[in-house]
Amino acid sequence: MNPAPQRTRRRWRAVATATVAVALALTGCAGGVPAATSGDRPLVIARAMDLTTLDPQRGYCDTCQILYTALYERLVTIDPADTSTVLPGLAESWEANADNTEFTFHLDTDAVFSDGSPVEAADVKWSFERLVNLQGSASFLLAGLTGIETPDAETVVVSFENPNSAFLAIVAAPYLGIVNSEVAEENGASAAADAATTDDAEGWFLANSAGSGPYTLTDYTSGESVELAANEEYWGDEPEFTSVEMKEVTDSSSQLQQLQQGDVDIAMQISPDALAQLEGNEAIATEIVDSFNYTYIALLPAAPGGEPLQDVRVREAIRMAVDYDGLVDTLVAGYGKLQGSPIPNGFEGSEEVALPSYDLDGAKALLEEAGYADGFTLSATYPKLVAYGVDLDLQMQAIQQDLAEIGVTLELNPTDFSQWASTMGGEGTPVTAVYFAPDHTDSSQYIQYFGNIDQGGLVNPWTGSVSQEQTDLLAQALSQSGDERVATYQALAESMAADAFVLPMVNPQLILAYASDISGVAYSPCCNLEIGQLGLSG
Amino acid sequence: MTRFVLRRLAIVPLLLLGLVTIAFVISRLMPADPIAAIVGERSMNNPEVVQAARERWGLDQNVVVQYVSYIGRLLTGDMGTSFQTRAAVSSDLAERLPATLELTILALVIGAVFGTVLGVISASRKDSFTDNAARVFALLGSSLPVFWTGLLFLFVFYAQLGIVPGPGRLSARVEAPPHVTGFYTIDALLSGNVPLFVDAWAHLLLPAFVLAWGLMGTISRLVRAAMLDELHSDYVRTVRAKGIAESAVMRRHVLRNSLTPVVTIVGFAFGSLLMGAVLVEQIFSWNGIGSYAVEAARSLDYPAINGVTLLGGVIFLLASLATDLVYAAIDPRVRLA
Amino acid sequence: MTAASGIAGFGTTSIAALRSVRSSAWMRPQMVFGYVIVAFWLVLVVSVQWIAPFDPLASVGQRLSPPSAAHWFGTDALGRDVLSRALYGARYSLPIALVSIVASVLVGSVLGAVAGYVGGLVDAIIMRIADITMSFPAILLAMAVAAALGPGLDNAGVAIIIVWWPIYARLMRGQVLSIKEREHVESAVAIGASRSRILFRHIIPHASTPTLVNATMDLGQIVLLVASLSFLGLGALPPTPEWGAMITEGAKNFYQPWIAAAPGLAIVSIVLAINFIGDGLRDALDVKARR
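Protein chains in written order, with UniProt numbering: chain V, 1 to 538; chain C, 1 to 337; chain X, 1 to 291.
There may be inaccurate statements among the hints.
To list a few chain C residues with every Cβ distance to chain V over 12 angstroms, as calculated [stated by the list, open to error]:
1) Met44
2) Ala53
3) Tyr67
4) Phe155
5) Leu321
To be clear about the criterion: a stretch of chain C counts as covered by chain X if any three or more of its residues have a C-beta under 8 angstroms from a C-beta of chain X, and this derived list gives those stretches [unchecked claim]:
6) 12 to 19
7) 45 to 51
8) 112 to 119
9) 274 to 284
10) 303 to 310
To give a feel for the contact side, a few chain C residues facing chain V, derived at Cβ under 8 angstroms [said to hold, decoys possible]:
11) Ala36
12) Ala37
13) Val39
14) Gly40
15) Glu55
16) Arg56
17) Gly58
18) Ser90
19) Pro98
20) Ala159
21) Ala172
22) Asn287
23) Leu300
The hints are simulated quantities; they were obtained by calculation from the structure and are not laboratory data. All C-beta atoms, glycine included, are put in the ideal place defined by N, C-alpha and C.
In isolation and in its complexed conformation, chain V is listed as follows (with noise of 0.2 angstroms):
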């Protein structure tokens, strides 16, 4: 359907020499000096950016994930081949006390940040005392903390208020990443508690880096580009590429495009739908490999207009009414999953999870037996958006014409995300839609996030109850370690998927798409791509 890319490409520019020449002529401007093209290739990575900070201690999305990742160190790293093996980073080795409440880190002596200076203890606690007075996004994966000890300069204590097994998972996140705090306070950076009002370096974040990952930050400008730069100061191995750059390329067919110009070396979100546009071309390499992320809806009794979901009989009927086999086709051509609750394939607890099924005559039984025989309307507010190739705005129009089936009618109402988190804090919707990908690599952000307990999360203010045996069973796990919590989990994950409150839709596979000398590429659980790691192969 497309011709050759390198043809494609010489053909503009002569018509748009062409156009040019008869300006030159014109003004009588003659030669050039040609692009500048140094030796070192920098790399361009495509992606739909979901950014709005670079501070690393306001943003959460996935963007930050993998830019955090490239600038800052965490203390410990996630063994991308087994998720649960915890691997040193800027600390070389660390304890917990026998409750997990207190964690206890000895950095790394090499560790220096991008301006030479060493990374210490000071830092790691001013980094975290900051995610927690900011009041972010992402505070909340330090709730429950009491204190950040520094015994010396290479130590660093950390205490919870309960047992916090998760807690290693959690410091791996890049948003625990760590801050030359030196450098930051310098730029109007704070700590200090009432460092939500005081804190005044998030515009100095936007073009500036201060950590001591394998990249410093050169350039960003909003809405087209972040530019990053090998940190020459960078203690560990040095990253292959001397420049990178992000670029903002928003749709899928664009990133294609781009991608078989060679104008990228990465796409990031090409869509299943196009991957048939790739094959046979040896110049780009692609794989399809399991992601934890998903979509889902969420059905929400106690907002308005909810009243049928209070019957969990009717969650279950809902459940049972969408055409699951029909959705991962429709929504990322077979390439996807289903999952059963909350915990997506390959955390713990997912495993032996009953996936949901496509049974109508099941669904509309039970509806009757609910005494819904006859259907009802119930109104969906969801954030358009098009997460990890699945169409938020298609899923639901797929879902809506199955319910139909049951005489449910669903009336859809798409909003942009920042009016759709707007109503989740404010007046409700009784069902809704959007996805999840992981922030650290322990299941307790699922029951967090997703479970009945009174901690806020997406689920909890909208069901009308808590559930005591979900509130004891997650402070269990998180008290636990190995098998133990692996089954605390399991029992939290039938609990989830036996409320339905929340039924995943799709577990989509990922697409890696990148020009087939690159090497390194891959889907890293704690931190979506590690731009370090990306080099050039043969």
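We have chain V already, so just place chains C and X on it with the hints.
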């Protein structure tokens, strides 16, 4: 003339205040709470976090106080900080305005030049096939939704034929020229980088043409009508009677007088081009004020919404002021008013 | 400063001029072409359920399949028939455009007439509001209003009325000012008729012809504006087969150009037809050009 200009200028501050006020009122009428977008939906249940964010963004005060302080800051040139980009709205706008201007100015030139040519051809061959074809082409321009034409042309000329580059202002891997005017074409020439100029120019052509088509139609229609008027006017008949060559009549008398409406329509044209730019920028991934406006409206970004409407209004006012002035300079009757 | 300004010179045409036009001038080929297309779409609005080959909301085929004998314009990402959706689109786009223009004309004309007739402070206030409203780029204002009201076709209509009324207010005010001095009005005043009676019985009917002609020509622009708002996500809600919203879906599926083709052609055909009629009207009424 001076009195006319002064009277026109005197009303500008009032209009600006009106603009700011309406933009402010509309943004506050939005039913959604922007704080949710700032803190995220999961923190909305935490009153402390919400309160801190309200304080930080000045949303804790009552609307009247917010309005007064906004006007006060505006007078010092401070348009506030965008919720979305976290940068000063004034610097966001300054960064994006050249992209939009580069596009609209080129579209204006294309529209004016080709529109005039079409109009002249139409008028000089009235009711011929050429005339009819040109008129249909012109009408088509004002009948096409630019967001559809843009999409269609991108598919045909970029994806299928490959004779234009894709969306965006520059190709990937091409560094933007050092900032002087913010117009990539001009800055590229100033830095003597011809390939860069070619790249920027090639990226401009298609969106500018898509944007210009509607204007081309308006202008060709005006020129055609004006020329037909002139051709039938008494003095042209007199000139003709003197035995002057038809081509000279055309060039020296008819054409020159027929261009007056083109000049007077420029202000209007610029305004309508800016509107089209909002849509064209969406299709062509053009990081200008149109994209910024859409983004701001989507993310309930009050300071940005206010800033961009104010800027749009100012440009509109300047354009219509310029039109009035040009018109006054040309038409003696207005001068006396 | 909107599309109507380009044809503002038209405002002085009187009803007499309109009547004096020979009937053949209403039947120029391009205008007849316009009538036929407009008639086609209007017929479709009431009869689309018998004409469209498929249910516009049902998945009736393989998703994203290219044009074929069964689906002339292919199917979309949910396997719905694109042609049927585009035909049904007339039911949404056209009524909203018509209602918006009628409401804009009514609101604008009444306010403009009052401003022109009463004068003084009332005039100043109404016309300053009109000036300020017209100082906004229309699409920005419509976007902001639509965002404030929430998405939905009805709200898009309201946004359009807010943006568009000042055009008719200005037009009507100018008409009223010029008619006010005419004989029959002066004689009505002499008889002692009430102000509102003079305004509604004597002035508005005489000023309405140019307004109606202008409104006809603006209709095309309104259809485009409705589609633009929907394209930006501020108009129709899914799964409504509104043309602008369908083009947005087409933009998401760049490699399946047929999805955007049908709604795009629908918009172009109706707007072009309206413009043909408007252009013909302009020629017919423009005495000089007829020579």
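Here's how the hints hold up against the structure:
Separation of Met44(C) from chain V is inadequate, the least Cβ-Cβ distance of about 3 angstroms not exceeding the 12 angstroms criterion. Against the 12 angstroms criterion, Ala53(C) falls within the reach of chain V, whose nearest CB is about 7 angstroms from its own CB. Separation of Tyr67(C) from chain V is adequate, the least Cβ-Cβ distance of about 21 angstroms exceeding the 12 angstroms criterion. Phe155(C), annotated as away from the interface, has a beta carbon of chain V within 12 angstroms; the closest lies near 10 angstroms.
The Cβ of Leu321(C) lies farther than 12 angstroms from every Cβ of chain V, with a closest approach of about 31 angstroms, so its non-interface assignment holds. Given a C-beta distance limit of less than 8 angstroms, the hint that chain X covers the segment 12 to 19 of chain C holds, as 4 residues qualify and 3 suffice. With a cut-off of 8 angstroms between beta carbons, the segment 45 to 51 of chain C has 0 residues touching chain X; three or more are needed, and the interface restraint is violated. Under a criterion of three residues with beta carbons nearer than 8 angstroms to beta carbons of chain X, the stated coverage of the segment 112 to 119 of chain C fails, only 0 such residues being counted.
For the segment 274 to 284 of chain C, the stated coverage by chain X is satisfied: 6 residues place a CB nearer than 8 angstroms to a CB of that chain, which reaches the threshold of 3. Beta-carbon proximity to chain X at under 8 angstroms applies to 3 residues in the segment 303 to 310 of chain C; the threshold of 3 is reached and the given coverage holds. With a least beta-carbon distance of about 4 angstroms to chain V, the hint placing Ala36(C) at the interface is held under the 8 angstroms criterion. Because the beta carbon of Ala37(C) sits about 3 angstroms from the nearest beta carbon in chain V, less than 8 angstroms, this interface hint is met.
The restraint placing Val39(C) at the interface with chain V holds, with a minimum CB-CB distance near 6 angstroms, inside the 8 angstroms limit. Below 8 angstroms, beta-carbon pairs count as interface contacts, and Gly40(C) has one with chain V at about 4 angstroms; its hint therefore holds. For the restraint placing Glu55(C) at the interface with chain V, the shortest Cβ-Cβ distance is roughly 5 angstroms, inside the 8 angstroms limit, so the hint holds. Interface hint at Arg56(C): satisfied, since its Cβ lies 5 angstroms from the closest Cβ of chain V, which is below the 8 angstroms cut-off.
Against a cut-off of 8 angstroms between C-beta atoms, the interface hint on Gly58(C) is violated, since the closest Cβ of chain V lies about 11 angstroms away. Interface restraint check: Ser90(C) against chain V, minimum CB-CB distance 13 angstroms, threshold 8 angstroms, status violated. With a least beta-carbon distance of about 12 angstroms to chain V, the hint placing Pro98(C) at the interface is violated under the 8 angstroms criterion. Checking Ala159(C) against chain V: minimum C-beta separation of about 7 angstroms stays under 8 angstroms; hint holds.
The criterion of a C-beta within 8 angstroms of any C-beta in chain V is met by Ala172(C), whose closest approach is roughly 4 angstroms, and the hint holds. Given hint, Asn287(C) at the interface with chain V, holds; its Cβ is 5 angstroms from that chain's nearest Cβ, closer than 8 angstroms. For Leu300(C), the interface hint holds, the least distance from its beta-carbon to any beta-carbon of chain V being 5 angstroms, beneath 8 angstroms.
This entry does not satisfy hints 1, 2, 4, 7, 8, 17, 18 and 19, going by the numbered hints stated previously.
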